[in-house]
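Peer 1: Fit chain D to the supplied structure of chain P, relying on the hints for placement.
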Amino acid sequence: MVGMEALADGERFGPFGGRFVPETLIAALDELVEVYDAAASEATFWDELESLWRDYVGRPTPLYRAARLGEAAGGVDLYLKREDLNHTGAHKINNTLGQVLLARRMGKERIIAETGAGQHGVATATVCALFGLRCVVYMGEEDVRRQALNVYRMKLLGAEVRPVGSGTRTLKDATNEAIRDWVTNVTDTHYIIGSVVGPHPYPRMVRDFQSVIGREARAQCLAITGRLPCAVVACVGGGSNAIGTFHSFLEDAEVELVGVEAAGEGLETGHHAATLTAGRPGVLHGSLSFLLQDEHGQVAPAHSISAGLDYPGVGPEHSHLKETGRATYTYATDEEALAAFHRLARLEGIIPALESAHAIAFLLREGERWRGEGPVLLCLSGRGDKDVAQVAEREGAI
Amino acid sequence: MSEKRETIRDTFAAAEAEARAALVVYTTAGFPSPDAGLDALLALSDAGADVLELGVPFSDPLADGPAIQASSFRAIERGVDLAWTLDLLREFTTLRSTPVVLFTYLNPMLDYGVERFLDVAVGAGAAGLLLTDLPLGADPRLEERIERSPLDFVRLIAPTTTPDRAKRIAARSQGFVYYISRTGVTGARRDLAHGLAPEVRALRQASAVPVAVGFGISTPDQASEVAGVADGVIVGSAVVNALAEGGALRAGRLVRDLRTAIGKVSLSANQQTSTR
Chain P
4 MVGMEALADG ERFGPFGGRF VPETLIAALD ELVEVYDAAA SEATFWDELE
54 SLWRDYVGRP TPLYRAARLG EAAGGVDLYL KREDLNHTGA HKINNTLGQV
104 LLARRMGKER IIAETGAGQH GVATATVCAL FGLRCVVYMG EEDVRRQALN
154 VYRMKLLGAE VRPVGSGTRT LKDATNEAIR DWVTNVTDTH YIIGSVVGPH
204 PYPRMVRDFQ SVIGREARAQ CLAITGRLPC AVVACVGGGS NAIGTFHSFL
254 EDAEVELVGV EAAGEGLETG HHAATLTAGR PGVLHGSLSF LLQDEHGQVA
304 PAHSISAGLD YPGVGPEHSH LKETGRATYT YATDEEALAA FHRLARLEGI
354 IPALESAHAI AFLLREGERW RGEGPVLLCL SGRGDKDVAQ VAEREGAI
Chain D
2 MSEKRETIRD TFAAAEAEAR AALVVYTTAG FPSPDAGLDA LLALSDAGAD
52 VLELGVPFSD PLADGPAIQA SSFRAIERGV DLAWTLDLLR EFTTLRSTPV
102 VLFTYLNPML DYGVERFLDV AVGAGAAGLL LTDLPLGADP RLEERIERSP
152 LDFVRLIAPT TTPDRAKRIA ARSQGFVYYI SRTGVTGARR DLAHGLAPEV
202 RALRQASAVP VAVGFGISTP DQASEVAGVA DGVIVGSAVV NALAEGGALR
252 AGRLVRDLRT AIGKVSLSAN QQTSTR
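From first to last, the protein sequence lines are chains P and D.
So the first sequence is residues 4 to 401, counted in the working numbering.
So the second sequence is residues 2 to 277, counted in the working numbering.
Isolated chain P, as found in the complex (with noise of 0.2 Å):
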């Protein structure tokens, strides 16, 4: 069977991952590893980048402790990482951040993204903005509709937004769209993939920027409860704030791990985004890992309210937590994060992106059995200013 071989050290999460890609990449890929590898192993790079995470971005972010939906989650020691007070409004600039300065050492001048709630957009946009590249986002014709201020934000920051008509009009296509544009340009442009998805080195690189969720929540953890967490819980889309969050926890074992897919109308109606629980083993966008797709090997629609977790695909390490059941996956619907985005509104004056408010939904619902357990961590991994008034219009408030 394809992918039942491990090879060479970060290519592959067990069987998942790899580098299924055109041939035209071959070379920019093995050019981004060398870079990556490089820079990794210097301090110099990783001190440019804390200082930007600290001075740009305002890292760390807190660790809040949420009483109030801790009480309404059923009697949880919840605390909250704060990725939503990050500039740009999501954990998303800790990776564009990482992977701009690479861009930067590999010489290219030109910088092209995917997204889809605008999030990644915005943050790899504002990064563009901060040295001085050309910037063209890709981003489906529905979710142009249903983020309309976060292309305004794109496009403020100096990026051309181009919108992606073929397929599903969302994140899957525009990632197709980008990857295309990479293909015909891949010697002037750096392509900046927004989760732990795409081909190697992407899944392993996206993580080890967005480990600093993680390695600052055990942190600050240990210094506020004095003691590890029963539970981390993250949404999952293509999992970076999830990964990000759970890699400084894989070592912990008593740290049980919870990813929250996209339910969107129920997994009954086939309207969900939930590849983990209901996807099987497939190759998307570079990577072999779960995916939503139809008895033809056709990969199928997702969908879900919010568009950042609407993507029938899942990054290859997550694909390998499940199978080795060192994290569990679960999932909440539309209605739930809905429901949890007006709730944490209400009790902690926050406003979540519907992304996070699933990881919300799933505590809101299932948060019972950790009463009176040691410290819940959940993160937060953007604000909803960008999702209120499609919030608004759906509930006919506007």
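What you were told as hints is all true, and nothing was included just to trick you.
Listed next, the in silico SDA-like pairs over lysine to any residue satisfying Cα-Cα at most 25 Å (straight line):
(1) Lys-168/D to Ala-30/P
(2) Lys-168/D to Ala-14/D
(3) Lys-168/D to Asn-188/P
(4) Lys-5/D to Ile-147/D
(5) Lys-168/D to Thr-187/P
Covered stretches of chain D, going by a simulated chain P footprint (3 or more residues, C-beta under 8 Å):
(6) 50-64
(7) 157-166
Derived from the structure by calculation, the hints contain no laboratory data.
The beta-carbon is built from N, C-alpha and C at its ideal position, and this holds for glycine as well.
Peer 2: For chain D alone, coordinates are given in the frame of chain P:
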């Protein structure tokens, strides 16, 4: 090891015996419609295609430009999948002897099952297999499995491929080597890449099989230009466009014009190699 069919090798050799390049023509299975799919293949073959590439429609054709994307989506909407494509192939090979290379993304084949796919494809008369997203080294066990099958495993080389890697790919490729003329997705272009001749010459030296050039070749003039340097000329999007606009008749006319243009060009003496 299963015996290779070698129909592709024989076809290139026959073209070489006529002192011309071979014409390789791509089309998407079940396009312009499932009902017209077989007629399209017959028309392309009868118009002078030496080798056919039969594309398996995939929902996410990320190496393809607008023409082949659109043909794939249209075919999928009408129920075309890998199993249907294999049935079409079986019908075609009972009627014509033109070798057919199945051209697919990895996922439909994995989902169908690799062993089952190889069995059925061989039974249906396929001559070769080309996988867009399985570059050399991506999955050695799978690659070796396909190499051991009766199908010729055609490999792609890009202009960005390093010379050392290109040599390794050329040495492993079966049937022919598919040289991508320029970076980018499939699709008709007005201008061909510069510097094609030296690249192709180097590959022909490194390769045990003929070297065909594709991507961006749409007109008889471009085809004859490439025919002057390569063993084979591959035309895809232009044929798909012709099928979309004027069906098998129009596509057949284009293939005839391409074949005529290629036939007027002799491979120059320094490019003839005695090994083939």
